[in-house]
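Engineer: Listed here are the chains, written in short residue letters.
There are 2 protein chains.
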Amino acid sequence: VRSTPPADEDRTAPYDPVPQSSSASLGEPDERLARQLRFLIEIDAAKTVLRRSYLMDGTRRENDGEHMWHVAVAAMVLSEHADETVDPTKVLRMLLVHDIVEVDAGDTFVYDEVAARDKPDRERRAADRLFNLLPSDQSLELRALWEEFEARRTAEARLAAAIDRLLPLLANVMAGGRTWQEHGVVDEQVRRVNRRVGEASASLQQVVDALIDRAVHTGMLDRASPAEP
Amino acid sequence: VRSTPPADEDRTAPYDPVPQSSSASLGEPDERLARQLRFLIEIDAAKTVLRRSYLMDGTRRENDGEHMWHVAVAAMVLSEHADETVDPTKVLRMLLVHDIVEVDAGDTFVYDEVAARDKPDRERRAADRLFNLLPSDQSLELRALWEEFEARRTAEARLAAAIDRLLPLLANVMAGGRTWQEHGVVDEQVRRVNRRVGEASASLQQVVDALIDRAVHTGMLDRASPAEP
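Protein sequences, first through last, are from chains Y and V. Numbering-wise (the numbering used here), the first sequence opens with residue 1 and increments by one. Numbering-wise (the numbering used here), the second sequence opens with residue 1 and increments by one.
Hints listed in this document are in silico derivations from the structure and should not be mistaken for laboratory results. As the structure is a prediction and not an experimental result, all values here were calculated from the model. Some clues are possibly wrong.
Just so you know, same-sequence chains aren't split out, so a pair can sit in one copy or run between any two.
Cross-link-like lysine to aspartate or glutamate pairs, in silico, DMTMM-like; alpha carbons within 20 Å at most [as the list claims (entries may be wrong)]:
| # | residue 1 | residue 2 |
| --- | --- | --- |
| 1 | K90 | E31 |
| 2 | K119 | E150 |
| 3 | K90 | E80 |
| 4 | K90 | E141 |
| 5 | K90 | E148 |
| 6 | K119 | D209 |
| 7 | K90 | E150 |
| 8 | K119 | E147 |
| 9 | K90 | D57 |
Please put together the full structure from these sequences, using the hints given.
Structural biologist: Put into structure tokens, the structure is as follows:
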């Protein structure tokens, strides 16, 4: 008999990686550790949630798992550019969990105004299910990080959001603007979405503005107004 | 004229994401920030370095970028199981950079004894090139994290290594043992490679042992001795 991963329709059923029926006795079965492992198994699916952006080499779309890694490393090297004092570790931890809810809620394209409407609801339900797989203290802790990121009311959340905007923009420019062209996104929209970078860092906002100017200048990003709905 | 990412044969040429010829003036060109961005662009390629393990749903092989994210989140929830006192932030930072050298050096399968021979040399050259893209203080800082991880001499490095073993093992079991079957890996090898988990945490070692027992018990992992060379 070969063990298989849970089927899609059975996503909410807990899969116990360390069953008590195992031939090895675990002594005291550690329910806390089992919950932690179940959470780690469940969020593996973030690697299958595709974003609209491409890898910088343009070969394929990026997934949420690798995106969260890239922005976390970016936080390690860019936190010094924050205009306010930030706790860099908090920025790091926030970025490592900021898109986990998309395992259930899916990625919402930043320029999709229709999908944006029910995004808060979808993501809240996802947070309820996913973070609650963890022991309650950790569930509260990770959920608080995610809520703080979403609310953008602290210096850490603003910097995390700025980095979360900067990297996809950089990737879009590196990949020749393909995401914008595929979705008919024009410069005015890109400027609006990326304006909040300056709330965290004037120097990162300068980079963002220069990247957008360059994308327009080289023809990657259209100047035209968006089509009327 | 459309900007394109640097070709493969031109990987060492610095690509300046914020050229001074841009229509936007950056005022003082910030060489430090330009170096940081260049590093972040270069390590994007970690998302294209494939490991031998599959995603937990078995659909495809995992890449280094998403792997580093997953182990970093694992560090956030599992650090409490360390038998020694650890600085959890250091474990996190170590795991976020531990496979960056593979952008140049490639992934070395943990059961490949031939490839293991020149692995240190390949990875050291990769570290020289990649970390040196950063401003020198950050280059030293990230390289020190990687060296510490590789040396396994601190409690943080041992815990990071244990988590870096546990997650692929869990993924292999979830995906039905495909990696082991594809490469003719048997239980004795898996036990040897995963024995070091106990140097960091007795409870994580128990999980590892139970997972291996279960893999053998369910026929995912062969008991036979490896073929003679």
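Engineer: Now tell me, hint by hint, if it's right for this structure.
Structural biologist: Each hint, compared with the structure:
1. K90 <-> E31: neither (27 Å within a copy, 27 Å between copies)
2. K119 <-> E150: This pair counts as within: shortest intra-copy Cα distance 11 Å, inter-copy 42 Å.
3. K90 <-> E80: The answer is both: 14 Å in one copy and 18 Å across copies each meet 20 Å.
4. K90 <-> E141: both (11 Å within a copy, 19 Å between copies)
5. K90 <-> E148: within (10 Å within a copy, 23 Å between copies)
6. K119 <-> D209: neither (27 Å within a copy, 42 Å between copies)
7. K90 <-> E150: within (14 Å within a copy, 26 Å between copies)
8. K119 <-> E147: within (14 Å within a copy, 42 Å between copies)
9. K90 <-> D57: Neither, since 30 Å and 31 Å both go past 20 Å.
Checked against the numbered hints given earlier, this structure breaks hints 1, 6 and 9; the rest are met.
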